[in-house]
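K.L.:
Build out the structure end to end from the sequences listed, making use of the hints.
Chain by chain, the residues:
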Amino acid sequence: MTVVSRSVDDTRPDSAPVAPRRSPLADRRATRIAAPLAAVGVLFGLWELAGVFVTTTLISSPPQVLTDFVDQFRSGPAVPALEISLRELYIGIGIGIAAGVVIGLVVGRYRLMDAVLGPYINAANATPLNVLIPLLLVWVGIGTDARVLFVILISFFPVLLNTAGGMRNVSKGYVEVGRMLGLNEHQLMRKVILPASMPYIFAGIRVGVALGVIGMIVGEIEVSNVGLGYFINLYGNGFRTGQLLALIFLAALIGVFNVLVIRGVQARWFRWISAAR
Amino acid sequence: MSSDMTVTATGSGPRSSTAATPTGHETILNIENVCKTFFTTRRTVHALDRVSLDVRRGEFISLVGVSGCGKTTLLRILDGLDDCDSGTITLDGVKLDGVSHDMSYVFQDINLLPWRNVLDNVALGLEVRGVPKAERRARAMEALELVDLASVAKVPPYTLSGGMQQRVGVARALAIRPKVLLMDEPFGQLDNFTREALQVEVANLWEKLGTTIVFVTHDVDEAIFLSDRIGLFQPGPGRLTEVLDVDLPRPRTSYDVRAHHRAIGLRALITEHLRGAKAPTG
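Residue numbers (this note's numbering), protein chains in the order written: chain A, 1 to 277; chain B, 1001 to 1282.
Treat the hints as calculated values from the structure; they're not laboratory data.
Since we're looking at a predicted model, the values are computed, not measured.
Positions of the beta carbon are idealized from the N, C-alpha and C atoms, including for glycine.
Hints should not be assumed to be uniformly reliable.
[Said to hold, decoys possible] Straight-line C-alpha distance at most 20 Å; calculated SDA-like pairs for lysine to any residue:
(1) A:K191 with B:S1086
(2) B:K1095 with B:A1134
(3) B:K1154 with A:F270
(4) A:K172 with A:P195
(5) A:K172 with A:K191
(6) A:K172 with B:D1184
(7) B:K1095 with A:R179
(8) A:K191 with B:H1101
(9) B:K1208 with B:D1191
(10) B:K1208 with B:R1252
(11) B:K1133 with A:R190
(12) B:K1208 with B:M1141
(13) B:K1154 with B:D1184
(14) A:K172 with B:L1081
(15) A:K191 with B:V1131
(16) B:K1154 with A:I273
(17) A:K191 with B:K1095
(18) A:K191 with B:P1132
(19) B:K1154 with B:A1134
(20) B:K1154 with A:R271
(21) A:K172 with A:N184
(22) A:K191 with A:S171
(23) A:K172 with A:T144
(24) A:K191 with B:R1137
[As the list claims (entries may be wrong)] To list a few chain A residues with every Cβ distance to chain B over 12 Å, as calculated:
(25) T31
(26) M113
(27) T144
(28) S171
(29) V175
(30) M180
(31) V207
(32) I221
(33) N233
(34) N237
(35) I254
(36) F270
(37) R271
(38) I273
(39) A276
P.N.:
Structure (structure tokens):
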């Protein structure tokens, strides 16, 4: 059993998306900014309009959600909740990613380690990891520790699998160039195999971070009386739709922020990944 | 170009432009009874059967044959990328074991590393030889100047055309100042015009540097244009059956190679020989 077979297929860097056909209008910079803004405007318009037909308990309304969003920060629990949630999230995915890369490198590098750890990794990856939450509670009790552990676990596996899979998929040609120039095993690893695996490692990190945010919210819904997830759950149970939607948008913003950071890192230091194909 | 870029280790130095054969017949690379068999689950392939050859210091020798005759296998064994089953290879009297630090290889697929710029690609071989950074850059730059690409040193390699990438591949191989340069169908994937331009460039480089070059190709005219000698391979099992002298004046032009009576005779001889060789089936 090998780990490779479980790597995330749809994030393969070499399956470059086919560029959609563009009209001249779509190339204009103003259009590229205006079009998504218009789309958002239409959504909000329809939302506002829907309030005429459906009770606002179910869908609230855009101005109401905006007010609730601001109030969450002014007088509501958003600031302390965010502080707790983000600390959990970034400690969790930080450790999860670091461990995933390191163990992924070991598993990708040594066939024996792959043979020994492969079954456990595949089994764990196939398991819906939230079944572990009760067990984590038994082990470390209700609190930040359990939630951080859960974020670590859930972000760890995609990074591990993609790192190991990426190392296996390094172009044979690159390795031959390294060997031809006289690189020893260690130099080959550092100067050829690791950099060549970066597209896969980034794919793993993108998935790991996204799952980490899910893990953070799920952990807080199930196991806490603090954090974003707790209040989302609370407002939901209380039919306080406006406040609920305000926090849902806040959670979405966290996800968007993470994606932008990863994209920024890749654009700044790993430009070749998107440019070389 | 500074004069120390000449590969002094080969000893022959720049030659006069009319010399048709290399100075002296001193052996630099001795290939003795090299055998190689590949086993797959389906079949056994005798890639090389007792191949022996003395490569002369400073010469340009081509290995020609149909595909599957073992010429690339021999070149890979020479560089240490593959092992041979039996036989010995000695470079300047030293028996080779593993990847040689005194030879370098130009692949058909050049595979420049996309995360390094052109200069750092060329300098990679020097990094692992412990050359200090400043000297590394200077030597890589010299190698790039040799192929006339100093202007793109800081550029990512994937922005270059196929022909330019191939020249960077040559620079990368030259930067370590090899005693022997092994070239494996380096122009096989290029269009005709680019290929001809690069053939001239390689011929000029060889004249300038005096490096011994072993060149694998299945293009007969390319072999005649470039070589002092041509080794002919026969497949199934892969054998080196004949070594021909190319007795044409230098520098050569593509017109010489097409129209010179000796070239015409030589091409007929080689074509005859290759036609007699049946390509291995399956």
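K.L.:
Mind verifying the non-interface call on S171 (chain A)? Its CB should be farther than 12 Å from each CB in chain B.
P.N.:
violated (7 Å)
K.L.:
T31 (chain A) clear of chain B by more than 12 Å, beta carbon to beta carbon?
P.N.:
T31 (chain A) clear of chain B: closest Cβ-Cβ about 28 Å, beyond 12 Å.
K.L.:
Just to be careful, I want the Cα atoms of K1154 (chain B) and R271 (chain A) compared with a cutoff of 20 Å; is the pair within it?
P.N.:
holds (14 Å)
K.L.:
Mind verifying the non-interface call on N237 (chain A)? Its CB should be farther than 12 Å from each CB in chain B.
P.N.:
holds (51 Å)
K.L.:
Given the hinted pair K1133 (chain B) and R190 (chain A), is their Cα-Cα distance within 20 Å?
P.N.:
holds (18 Å)
K.L.:
Between K1095 (chain B) and A1134 (chain B), is the straight-line Cα distance small enough, at 20 Å or below?
P.N.:
Status violated; Cα separation ~33 Å.
K.L.:
Check the hint pairing K172 (chain A) with D1184 (chain B) against an upper bound of 20 Å on the C-alpha distance.
P.N.:
Given pair K172 (chain A), D1184 (chain B) holds - Cα atoms ~16 Å apart, limit 20 Å.
K.L.:
Are the Cα atoms of K172 (chain A) and L1081 (chain B) separated by 20 Å or less?
P.N.:
holds (12 Å)
K.L.:
So is T144 (chain A) really clear of chain B, every C-beta pair being over 12 Å apart?
P.N.:
Non-interface label on T144 (chain A) holds, nearest chain B Cβ at 39 Å vs cutoff 12 Å.
K.L.:
Measuring Cβ to Cβ, find out whether V175 (chain A) lies farther than 12 Å from everything in chain B.
P.N.:
violated (9 Å)
K.L.:
Does the no-contact call for M180 (chain A) survive, Cβ to all of chain B over 12 Å?
P.N.:
violated (5 Å)
K.L.:
Would you say I254 (chain A) is clear of chain B, with no C-beta pair closer than or equal to 12 Å?
P.N.:
holds (30 Å)
The structure fails hints 1, 2, 9, 13, 17, 23, 28, 29, 30, 36, 37, 38, 39 (numbered hints given earlier, in ascending order).
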